[in-house]
Structure formats: C-alpha cells, structure tokens
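Just so you know, the protein sequences line up as chains A and B, in that order.
Residue numbering for the first sequence follows my numbering, starting at 1 and increasing by one per position.
Residue numbering for the second sequence follows my numbering, starting at 1 and increasing by one per position.
In short, the hints are calculated from the structure, not lab data.
Zero decoy hints are in this set.
Below, a list of computed lysine-lysine pairs in the DSBU-like style, where the Cα atoms sit at most 35 angstroms apart:
1) A:Lys205 to B:Lys110
2) B:Lys165 to A:Lys250
3) A:Lys209 to B:Lys10
4) A:Lys200 to A:Lys3
5) A:Lys204 to B:Lys110
6) A:Lys151 to A:Lys122
7) A:Lys91 to A:Lys211
8) A:Lys200 to B:Lys165
Listed next, with one range per pair, are the computed distances between beta-carbon atoms:
9) A:Asn33 to B:Arg367: 58 to 64 angstroms
10) B:Glu16 to A:Leu173: 27 to 33 angstroms
11) A:Glu257 to B:Gly132: 55 to 61 angstroms
12) A:Gln208 to B:Lys145: 49 to 55 angstroms
13) A:Asn201 to B:Gln155: 38 to 44 angstroms
14) A:Val175 to B:Glu16: 20 to 26 angstroms
15) B:Met106 to A:Ile213: 31 to 37 angstroms
16) A:Leu173 to B:Leu278: 41 to 47 angstroms
Idealized CB from N, CA, C, for every residue including glycine.
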Amino acid sequence: MEKNRIIELFEKDQERKGKYFMPFLTAGDPTINQFKKLVKAIEPYSDILEIGIPFSDPIADGPTIQEANQRAFEAGINTKVALEAIKEIRKGTGKPIVILTYYNILIQGAETIEDALNMIFKKMKESGVDGIVIGDLPIEEAGLTLKACEKHDICLIFLIAPSTTNDRLEKILKVSRGFIYLISVMGVTGARENVAQITKNIIKKVKQKTKEILPVLVGFGISQPKHVRTIIEAGADGVIIGSAIINIIKKNLNDHEKMEADVIDFASSIKKAMKEAN
Amino acid sequence: MDYIDKYPDKLGKFGEFGGMFAPEILMPALNELIEAYEKHVCDERFMNELNQILKDYSGRPTPLYFAKRYSEFIGCKVYLKREDLNHGGAHKINNVMGQALLAKKMGKTKLVAETGAGQHGFATAIAGAYFGMPTKVFMGEVDIKRQAYNVYRMQLLGTEVVPVKSGSKTLKDAVNEGLRYWISNLQDTHYLMGSVVGPHPYPLIVRDFQRIIGKEIKEQIIKLENKLPNAIIACIGGGSNAIGAFYEFIDDDAIQLIGVEAAGKGKETNKHSIALGLGRRGVLHGAMQYLLQNEYGNIIETHSISAGLDYPGVGPEHCHLKELSRLKVGEANDNETLEAFKNLSQIEGIIPALESAHALAYLEKNRKDFSTLDIVIVNLSGSGSKDLSIVAEHVDFKIKPKNLLL
Numbered sequence: 001m002e003k004n005r006i007i008e009l010f011e012k013d014q015e016r017k018g019k020y021f022m023p024f025l026t027a028g029d030p031t032i033n034q035f036k037k038l039v040k041a042i043e044p045y046s047d048i049l050e051i052g053i054p055f056s057d058p059i060a061d062g063p064t065i066q067e068a069n070q071r072a073f074e075a076g077i078n079t080k081v082a083l084e085a086i087k088e089i090r091k092g093t094g095k096p097i098v099i100l101t102y103y104n105i106l107i108q109g110a111e112t113i114e115d116a117l118n119m120i121f122k123k124m125k126e127s128g129v130d131g132i133v134i135g136d137l138p139i140e141e142a143g144l145t146l147k148a149c150e151k152h153d154i155c156l157i158f159l160i161a162p163s164t165t166n167d168r169l170e171k172i173l174k175v176s177r178g179f180i181y182l183i184s185v186m187g188v189t190g191a192r193e194n195v196a197q198i199t200k201n202i203i204k205k206v207k208q209k210t211k212e213i214l215p216v217l218v219g220f221g222i223s224q225p226k227h228v229r230t231i232i233e234a235g236a237d238g239v240i241i242g243s244a245i246i247n248i249i250k251k252n253l254n255d256h257e258k259m260e261a262d263v264i265d266f267a268s269s270i271k272k273a274m275k276e277a278n
Numbered sequence: 001m002d003y004i005d006k007y008p009d010k011l012g013k014f015g016e017f018g019g020m021f022a023p024e025i026l027m028p029a030l031n032e033l034i035e036a037y038e039k040h041v042c043d044e045r046f047m048n049e050l051n052q053i054l055k056d057y058s059g060r061p062t063p064l065y066f067a068k069r070y071s072e073f074i075g076c077k078v079y080l081k082r083e084d085l086n087h088g089g090a091h092k093i094n095n096v097m098g099q100a101l102l103a104k105k106m107g108k109t110k111l112v113a114e115t116g117a118g119q120h121g122f123a124t125a126i127a128g129a130y131f132g133m134p135t136k137v138f139m140g141e142v143d144i145k146r147q148a149y150n151v152y153r154m155q156l157l158g159t160e161v162v163p164v165k166s167g168s169k170t171l172k173d174a175v176n177e178g179l180r181y182w183i184s185n186l187q188d189t190h191y192l193m194g195s196v197v198g199p200h201p202y203p204l205i206v207r208d209f210q211r212i213i214g215k216e217i218k219e220q221i222i223k224l225e226n227k228l229p230n231a232i233i234a235c236i237g238g239g240s241n242a243i244g245a246f247y248e249f250i251d252d253d254a255i256q257l258i259g260v261e262a263a264g265k266g267k268e269t270n271k272h273s274i275a276l277g278l279g280r281r282g283v284l285h286g287a288m289q290y291l292l293q294n295e296y297g298n299i300i301e302t303h304s305i306s307a308g309l310d311y312p313g314v315g316p317e318h319c320h321l322k323e324l325s326r327l328k329v330g331e332a333n334d335n336e337t338l339e340a341f342k343n344l345s346q347i348e349g350i351i352p353a354l355e356s357a358h359a360l361a362y363l364e365k366n367r368k369d370f371s372t373l374d375i376v377i378v379n380l381s382g383s384g385s386k387d388l389s390i391v392a393e394h395v396d397f398k399i400k401p402k403n404l405l406l
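So here's chain A without its partners, still in its complex pose:
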C-alpha cells in the first residue's frame, strides 16, 4: 500500500516550520464538472484538499455550506459520484485529500455497521483519499470507525472545539492521526468578520498540548488574509477555509470562468498571507 500522504507531508516537516492551507469544496458544487475544475484551479495554492460529501441534514454547518450541499444534490451528487470524481482528481495531484462528511453517509449498504465502514473506507482508499473528518462523530462513538480507518490506512481526524474540556482533549489526542481540526469559534461553519480573542487563546492552549504530537489546523469562520495572519501568529500550523470560497462560487454561478479566476485570486491571497506570517 502506498504511504498515507498526510502522514508523509508532516513527517517531512517534523519541526512544523511549514504553514498549511486546506481549502474546502463541496463535491458537486455547483456542478460535478465545475467542481472538478475548481479543485484543479485551487490545487497549486493548497497543501491539503478538503472535499465535502454532502449530507441532507448537516447540523454543524451554517447556511453557506447548506446551500452548497443543495446545489450539489441538484447536480446529482451522492457518495458514489463523489468518489468517482475524487478518483479522477487524484490522477492530477499528489497532495493529501481529506473528506468531510457526516456519519450516516458512511454506514450504508451493508448489514452491519462494521461491514459498511470497511466497505466505504476501502473505496475511499482506492479513490485516493487520505483522511476523513466526520462532523457528528465524537470520540465516544468512534470505536468502529477508528478500527476501519486503521485497517484501510485513512487518518481519522477529530475536531476540537473551544468548549472541549482538558480530559476530552487528552482522549482525542491519544487516538488522532494526521492532524487536529481545531474549531475556532463556538458556532457553526460560515465566514465571519473578525477573529475572536477566544480563538487565539484556544490555539495557544491546544498547541501546548499537541506540540510534538500533531499539527493543528484551524477552521470555521476564517475568511480573510488578515484572519490567516492572526491565526498563524497565534501558533496554528495551518488554516482551513470553506465558506469564504463557497461564497465566491455562489456569487459567480452564472460565470464559471470568473468563478475559477476569483477562487484562484482568493487562494493565492491566502497563501501569500501565510508566507508573510511565517
């Protein structure tokens, strides 16, 4: 089996000198083809690609991503189509690919949950997926998923929130693989105007605990280069940006070329801000 690309990426950078940008796109938004084009456009500016497989009832997502899901469903997205698209994307990139979805999407198509999980992670691995974030799977419920992920060499990436208590944090760090997805605010996904003090504090707190174990990427609410600088300066290893990119898609639904160009402009401004902060 080829090496997991997330593990490889961070092994090369043990001292955590690099700063990582993980943009998020919803598979199938606004159409299957345009989604593939957008991934290709943003790939050169990103270090890890995060791709959402939509769920009908995403409770941790704000209106921006819900609308993206809706467009994707209308374009005919489902798990099978999404993984086919990812397989194609994989041919054009060696960068790690991380899936974001909800648990119910992963437990379909088999009698037992174990079998369903093994089936889907096997397919993901074959499609070139390296990691997965599951919006509604806390550590208490993650036993079977951890086992299946380990078997198929996929990093199960856990979320940590500002509300996560210290003893939960310890437990999560013990089983996490790849990196930590740190939620920067007490809220759902969606672009925000400012980075709150709570975000800087939580980054410092989590970084202290994870220093030598896992990189910390920060997401939720980040939408501007100045946010990126603040977050990197607070000690994060990288940023995750979703809703701000999806807003660009939404604004340009009638002009796919401009959509691509604007996404590229945005991604390069983020990458630039990260370099400046370094």
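Put chain B on the given structure of chain A with help from the hints.
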C-alpha cells in the same frame, strides 16, 4: 421482561440505538446535561417540585375516562387517557415544565426549541412564560403556514418564532436550525428537545418526564377495573407520548403495547412517516434509530396529515423495544385518521388531535383483535382544536360549515 431502568446504558444506548452522535462542540453541553439529570431528576425533591407544578398549573392527574359509547362502537372496553385536558392541550407540558425547571437549576436563563405542528413550541412558550425565561422557537416555513394558529399563540406568550427556510422547511429542519443556534449559544441557553429523540441524554430525560402518564394510568385502571389493561395504544412520531404511556407496563408481558405510525397517503406511496415499520437503521439528530432515507443515507421527505407525526426518524427506545418484539408497530393513513377523528368527536364529544386520532384509527381498523371484555387504553395525547383548519380543508371530509349555507 426485566426491562425498566435498565436502559439506556452510560453512553445512552438502547441496545444498538441511541447514543451521542453529536458535533464535538456540543459534547460538553450534553455532558453537563447528563450531570444535571443525575443530580436533579434522580432526586425525589426535584420530582416532587415538578409534580406540584403539574398538579397546580396543568391540572394533573388527567382523567382516565371510560368511553362508554365509543366502547360500544368498537366492541371492547375503551379507556381514554385524557392528556388533551392538560394545560396547553397536550402531553407536551409534562416534558417542557420538567426541562425548563432543570434548565433553571442548571443556571440557564434562556430556552430554545424546535417545533413541527407548533404544539411543542406552544408548550415551550408556556414554560418560558411560567419560568420567566426568554424563549426562541424554530419552525419550518411550511409548518408556519400549516399552523398559523399556534404561531399566534406562541407570539402572544412572548416567544420569538424563527422561520426555518432550509431543507424541507419542516420539523427535521427546525431541529437542525435549533441545534445550530444552540451551538452558538451554549452558555446561557437550554435546548428544550420536544420528544424522545436527539442525542443522549434527551431520550432519557424526556421519557422520564413523560413516565407520569403511565404511572397515572396504572393507578387509575387498578382503581377502576381492579386489573391491568389488555392493550395500550399510542401514536408515534418521535414517540414521547407513547413511551410515557407504555413505560410502566413494559415488564408486564401480557399487556400489548401498540405504537401507531402515520401512513400518510399510503404505505406504498413515498408520502408517509413509517420510520419504525419501513425505515432502515441510521443516524440523525444525534441518535442511531430507524430512519426514512435513500440508499446513500440522505434523509427523505416524509408526509402526514398531522404535522406532529411528520418526522423521518423515531425515538431510539422505540427502535429497541421493536427489536425486542415488545412493541407492536401499527399504522394508520390520513383517511383512516380523519374517519377516527370524526367518529370520536361525534360519539364522545371529544375532538382528538390528528396525532392521537392515528391511535384511534388503528383500534377502529383492528377492533376484531379485541373481545368485549378486553380493556384497551388509548393515549389521547392532545386536543384537536388546533387541527380544525386542516381538517376543514380536507377534500374527503364531509363536514364543512359552508355546507349549512347551501
């Protein structure tokens, strides 16, 4: 059976159902709620305080009424548990007063809830006013149109009704939006779940606040008949009135417990809400349960004439009881329900909620299962005054005021 007080386990599991499939950001709040449950709800003083409120304010205990003429119509002894006579017109009050009192003890100052038909929203608005807690209720735009009467009532009580525009714009989307709001306001707000659904500990907490229905039934029927009933019938959407009526009787194996789901426009159409009967296991709103979903795990839209049963999932404990073959699952469609709605109104002078009329419709359809001396208790979970506009609009329904003017 040896069932009572055995479930859920520490992780909130009823067999393989239930659990805490919630975003990490909610977990500390859910754990805080578990602690509060253990500290307060398991304390006799808390329950005494709650029971006093329910007695003085809601008129509990509600009657167990022998429906003489309806019994003759059916052909067995039918008792109605009159939850419709509660303040607010439904069993929902048992749960909202309990949770609001618990929220107070936890130091929360605000309430947020979801609502489908508006019954739980209205009940939450009552609790918000009673305890002086600012209240927000999320309600789908489709439901706001269907249930304008309840929207006015909530607003009159000072509650802010927030329209939900996402997804199918009904109950499940109101739950999504309510939870999203809660995620952003955990510090001072309690999420007041309306049924035995959602992540642990909600199915446990709501069940314990609804158990009072079955406890009263047990005392009342012994007093009236000096024996236990042959069957208890209740409608199941999320399933809070049903679990409340059933729970005290689960270990009495001889008593049939029958949960009736909404067959909407028919089992063979896609327009129904038969989650227990036709759903597949899956995870929604924090719990493993039977769900109406497509092959990829996306939730499909449901239908029922009663907004309170129009939900794609069902409480995890009902799923477990079905697996154990302790719960018999039945169904009634829109037309059968309307017929029962009319029958009870005309035979007993009691207008049942459309939700509760599903339980009556099941009994009417299956009356041959019971003999003359059998005692059947139907949980009349709510009053039908809220449903009159829906019923009047229904094409198959013959009674219309305007007919008088022809």
